[in-house]
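**Q** Since chain A is already given, all that's left is putting chains B and C on it; use the hints.
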Amino acid sequence: MSSFVLQAAPQAETPEPDYLTEGRTVGSWLFTTDHKRVGILYMLTITLFFVIGGMAATLMRIELATPAGDLMSSPAYNKLFTIHGVIMVWFFLIPSIPNVLGNFLIPLMIGARDVAFPRLNIASWYIFVFGGTFALYAILSGGVDTGWTFYTPYSSTYANGHVIAMAVGILIGGFSSIATGLNFIVTIHKMRAPGMTWFRLPLFIWAMYTTSLILVLATPVLAITLILVCLERAFGVGIFDPTLGGDPLLFQHLFWFYSHPAVYIMILPGMGVVSELIACFARKRIFGYRFVAFASVAIAVFGFLVWGHHMFVSSQSVYAGMIFSILSFLVSIPSAIKVFNWTATLYKGSIRFDTPMMYALGFIGLFTVGGLTGLFLASLAMDVHLTDTYFIIAHFHYIMVGGMVMAYLGGLHFWWPKMSGRRYPEVLARLSALIIFLGFNLTFFPQFVLGVMGMPRRYHTYPEEFQLLNVLSSAGASILAVGYVLPLCYLLWSLRHGKRAEPNPWGATGLEWTMPSPPPRDNFASIPRVTEVPYAYNAQAAETEIRSEEAIHV
Amino acid sequence: MNPTKQNAWTLFVLFVLLAGTVGAAYVDVGKWNTAIAMMISTVKAALIVLVFMKLHRSGHLVVLTFFAGLFWLAILISLTLGDFFSRS
Amino acid sequence: MSEHATPLAHQFEEPVQQQEAATLGMWIFLATEVLLFGGLFLAYIIYREQAPLAFSEASGKTMLVPGTINTAILLLSSYFVANAVHLTALGRRREVVLLLLEAILLAMAFLIIKGFEYHHKIEEGLFPGANFHFAGTQARGVQMFFVLYFAMTGLHALHVAVGATILGVCAVKILFSRYPARLATMVDVSGLYWHFVDLVWVFLFPLFYLISHRS
Chain A
20 MSSFVLQAAP QAETPEPDYL TEGRTVGSWL FTTDHKRVGI LYMLTITLFF
70 VIGGMAATLM RIELATPAGD LMSSPAYNKL FTIHGVIMVW FFLIPSIPNV
120 LGNFLIPLMI GARDVAFPRL NIASWYIFVF GGTFALYAIL SGGVDTGWTF
170 YTPYSSTYAN GHVIAMAVGI LIGGFSSIAT GLNFIVTIHK MRAPGMTWFR
220 LPLFIWAMYT TSLILVLATP VLAITLILVC LERAFGVGIF DPTLGGDPLL
270 FQHLFWFYSH PAVYIMILPG MGVVSELIAC FARKRIFGYR FVAFASVAIA
320 VFGFLVWGHH MFVSSQSVYA GMIFSILSFL VSIPSAIKVF NWTATLYKGS
370 IRFDTPMMYA LGFIGLFTVG GLTGLFLASL AMDVHLTDTY FIIAHFHYIM
420 VGGMVMAYLG GLHFWWPKMS GRRYPEVLAR LSALIIFLGF NLTFFPQFVL
470 GVMGMPRRYH TYPEEFQLLN VLSSAGASIL AVGYVLPLCY LLWSLRHGKR
520 AEPNPWGATG LEWTMPSPPP RDNFASIPRV TEVPYAYNAQ AAETEIRSEE
570 AIHV
Chain B
37 MNPTKQNAWT LFVLFVLLAG TVGAAYVDVG KWNTAIAMMI STVKAALIVL
87 VFMKLHRSGH LVVLTFFAGL FWLAILISLT LGDFFSRS
Chain C
353 MSEHATPLAH QFEEPVQQQE AATLGMWIFL ATEVLLFGGL FLAYIIYREQ
403 APLAFSEASG KTMLVPGTIN TAILLLSSYF VANAVHLTAL GRRREVVLLL
453 LEAILLAMAF LIIKGFEYHH KIEEGLFPGA NFHFAGTQAR GVQMFFVLYF
503 AMTGLHALHV AVGATILGVC AVKILFSRYP ARLATMVDVS GLYWHFVDLV
553 WVFLFPLFYL ISHRS
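Chains as they are written, first to last, in my numbering: chain A, 20 to 573; chain B, 37 to 124; chain C, 353 to 567.
Just chain A, same shape as in the assembly (with noise of 0.2 Å):
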C-alpha cells in the first residue's frame, strides 16, 4: 500500500522533495516522525479496520433480511455485533478524524513545523496498530460476544470467548489515545506561530483541542475499568459480579464515565472539519466564531456530566437518573449552537456544492436528526420505553455515521489534494456524496420506526411483521456499501492519473493551503507570522475564485 503513495507524488514539477517524496523506502514510513507520514499511516490502518467492521454490519444486515435466523446463530450473530462495536468504535471513529486529519493538519495550520513530540508520535501509532492485533487475534480465535460495553457480571464471569485478549486490545489502542491527546494539547499550546492567538486558530483546532482533552481525561478510566474486567475474570475475585460481593452498576459507572465522553470524541472532531468546509464553500467567516469555539470546550466539559443517561434502566437511583437527565438535556445546548451558526454562516453566503461541501451539508441534516433523536433518550419516561431498541441503534448511527463518518470523508475530499498532491473525479465524487446520504437515510430511519414499534436490538431473529423495514434497512445498506467503495476506488485512481493539485484548489484561507501540495517535509521554510483572524473570505476572494472555477470542473 505505501509503496503505492510513494509511486504516485510529483516528481518533475517540485524542484524541492515534498513530505511523500523524501523517502521512498518502507523504512523511511516505518521509523518516520514527520506527523504527516504518521497521520497517512494511521489512514491505512484505519481503513482496513472500517473493512472489517464494515463486514460485519453487511453480514449482520443479511441475516436480518427475513425474520427467520437462517445464515448464522445468535452466538454467532452476538460475535458479529460486538466486533463491528468494538472495531468501529475503538479502531476506526476514535481515530479517524483525530489520528489521520488532527495528525496531518494541526502542525501545519498552527505553523509549527511539527508536533511537539514527534517520536511519542509515531510510537502511538505502532501501539494502537499492536492493540488492533490483539483485537484482531481475539476476533480469529473465537470472537467475543458481550457486545462492544462489556457489561458486567456477563462478561468478566460467564461470557465464553476472548474476553481478555480483546479488552488488552483495547486497553493498548487506549494508551495510543493517551498518547495522541496529549501529543496535540502540547503542540497546541506551546507550538503555535507567533501571531496566532487563540482566537485565531481555524475552528478544526479547537475542536481538536478539546477532543484532546477528553482523550486525556477519559481514557485512563477505561483503562482502569478493562483492567478490573480482566482481573475479575482471571482470578474470580469479586470486583463487579454481585455473588462474589462486587456490585455491577460501578462498572457501568466507570465505563460510561469513558465510553459518554468518547461519543463526543466522535462528534467534535467532525464538528471542527463542518466548521471549515461550511466557511470555504459559503465563501464567508463562520457566523459567530466565539461561540462555536466556546461551544466546542463546553460540549467536552458538560460531555462528562451526562453519563448516567446510559443507565436509567439500571438500579441506579432515581436521583441520580433525575440529574443526568437534566444534565443531558443542557448538552444539546451547545451543539445546538454550532447548528445554529453554521445555517447563519450559510445564510446570503456565495455557496459552491463542491464534493466537501454535499458532505458537509449532508453532516448538519444528519447530525440534527441524530442529537434531536437524543433528546428523546435523555427524558427519563421515553427511554424507558426505547432502551434497547433499534431507535437506540438508529439513533447513534446517525451521529456516528452520519455525522462523523460523513465529516471524515468530507474533511478527506476537502484536504485530500494537499495530502496526495492530486485531484479526485469531481463529478464521481459528488455522485457518491449522494449515494452515501441517500442509503445511509434508508439504513438508519427505517430503524427508528422499528425501534419506536418496539424491536429490540442485538437478535438476529424477529416477528414477520417487522420485515419490510427491516428489508429497507437492508436495501439501504447495500446502497450505503457501494457510496463507500466508490471513494475507495476513485481516490485510489487519482494517486496515479488525477489531475495535479495546485497549492490552493479550493481558494481557501489558512495556513496549510499557503504550502505547496503535498507540502515539504519540515512544512515552512519559515515560520509564518500570522496577522489575520481566520476565515477572511471577502467579497473579492469569492469573486476570483468564481473565475477559476470553469478551470477547476472541467
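Bear in mind the hints are in silico, worked out from the structure with no lab data behind them.
The C-beta atom is built at its ideal place from N, Cα and C for all residues, glycine as well.
Any given hint might turn out to be false.
Stretch by stretch, here's where chain C covers chain A in the computed footprint (C-beta under 8 Å, at least three residues) [said to hold, decoys possible]:
#, segment
1, 124–135
2, 208–219
3, 235–242
4, 246–254
5, 259–266
One side only, chain B facing chain A, incomplete, derived with CB under 8 Å [as the list claims (entries may be wrong)]:
#, residue
6, L97
7, I111
8, L112
9, L115
10, T116
11, G118
12, D119
13, S122
14, S124
**A** Showing chains B and C alone in chain A's frame:
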C-alpha cells in the same frame, strides 16, 4: 533558601507527619480516624507537589493541568457516589 | 550557552519552548494517572462504605511496620530525586548519579518489602479468589478489601518499577554525557513522575494500613 536545604526541611516535616499519622492510628476517635489520616495525607501531598514538584513555579498552564486532573476526578467520584448514596 | 543549553529538536524554535513542552507533557500525563488511580479510589470508597467493619478488620491484617518503612523509603527517595533535579541543572555529574542510584536502590528495597508482604498475605490465604479463606463473619468484605489492596498496591508497585527504570536511564545518560546540565529537562520531567509515584503511596498507606486504630 537554598533548594537542597529546602528539600531537607521538607523531608523532615514529611517524616514528622508520617510519625503523626501512624501515631494517630493508635488513638481511637471513631469516624475521625480516617478524616485525620486523610488530612495528614493531604498536607503531605501538598508538600510534595509544592516543594519537590515545584508546582507553584511551573506557570499557570501546569497549575491548571494539575487542577483539571483533580477536578475531573471529583466529577467521577461525586456523581457516582450521588447515585450510590441516594438509592432507596 | 553550549554547556547548559539542551540541543534543540527540529520542531522547536527556541529552548524555552522545548523545555515548557516537556514539562507540560509530563503534567498532562500525570493528570491521566490521577484518573487511572481515581477509578480504584472510587471503588475503594464505595466498597468501604458498604462494609466498614470488614475493612477495619481486614486492615488489621496488613503489616504496619513494613508499610511504614516503605512510606519512609519513598519519601526519602523523593528527597534524593528532588536534589538530583536541582544539581543536574548545575552540571554536578557525580553527585547526581549517586543520588539517582540511591533513589533506585530505595525503590528496589520498596519492591522487596512489598513482595515480602504479598508473600505473607498469600501464605495466609488472603489472596482473593478460589483459595481465599478468612475465618469470621466478615469474609466477603475482607476479601473485597484485599481485592482492592492487591489491585491498588500492585498497580502502584508497577509504577515504582517503571519509575526506577526511568531514573536508571537518566543516571546512565548523565554518566556518559559530556554536558550533564543539558539533561536537566529530562531529569526534571522524570523526577515529576517519581514524585507522583510517592504521592499515590501517601494516600494508599493510610487507606490500607491505618483504618482501624491499633491499640
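**Q** For every hint, state whether the structure bears it out.
**A** Structure-based check of all given hints:
1. 124–135: This one holds; 6 residues, not fewer than the three required, reach chain C with a Cβ under 8 Å.
2. 208–219: Since 3 is at least three, the answer is holds.
3. 235–242: Three-residue rule met by the segment 235–242 of chain A, so holds; n is 7.
4. 246–254: holds (count 4)
5. 259–266: holds (count 4)
6. L97: Cβ of L97(B) sits 6 Å from chain A, so the hint holds.
7. I111: Holds, because the Cβ-Cβ distance from I111(B) to chain A comes to roughly 5 Å (cut-off 8 Å).
8. L112: Given a least distance of 5 Å, the restraint on L112(B) holds.
9. L115: holds (7 Å)
10. T116: At 4 Å from the nearest chain A Cβ, T116(B) passes the 8 Å test, so the hint holds.
11. G118: holds (5 Å)
12. D119: holds (4 Å)
13. S122: Holds, because the Cβ-Cβ distance from S122(B) to chain A comes to roughly 4 Å (cut-off 8 Å).
14. S124: Holds - the Cβ of S124(B) comes within 8 Å of chain A, reaching about 7 Å at its closest.
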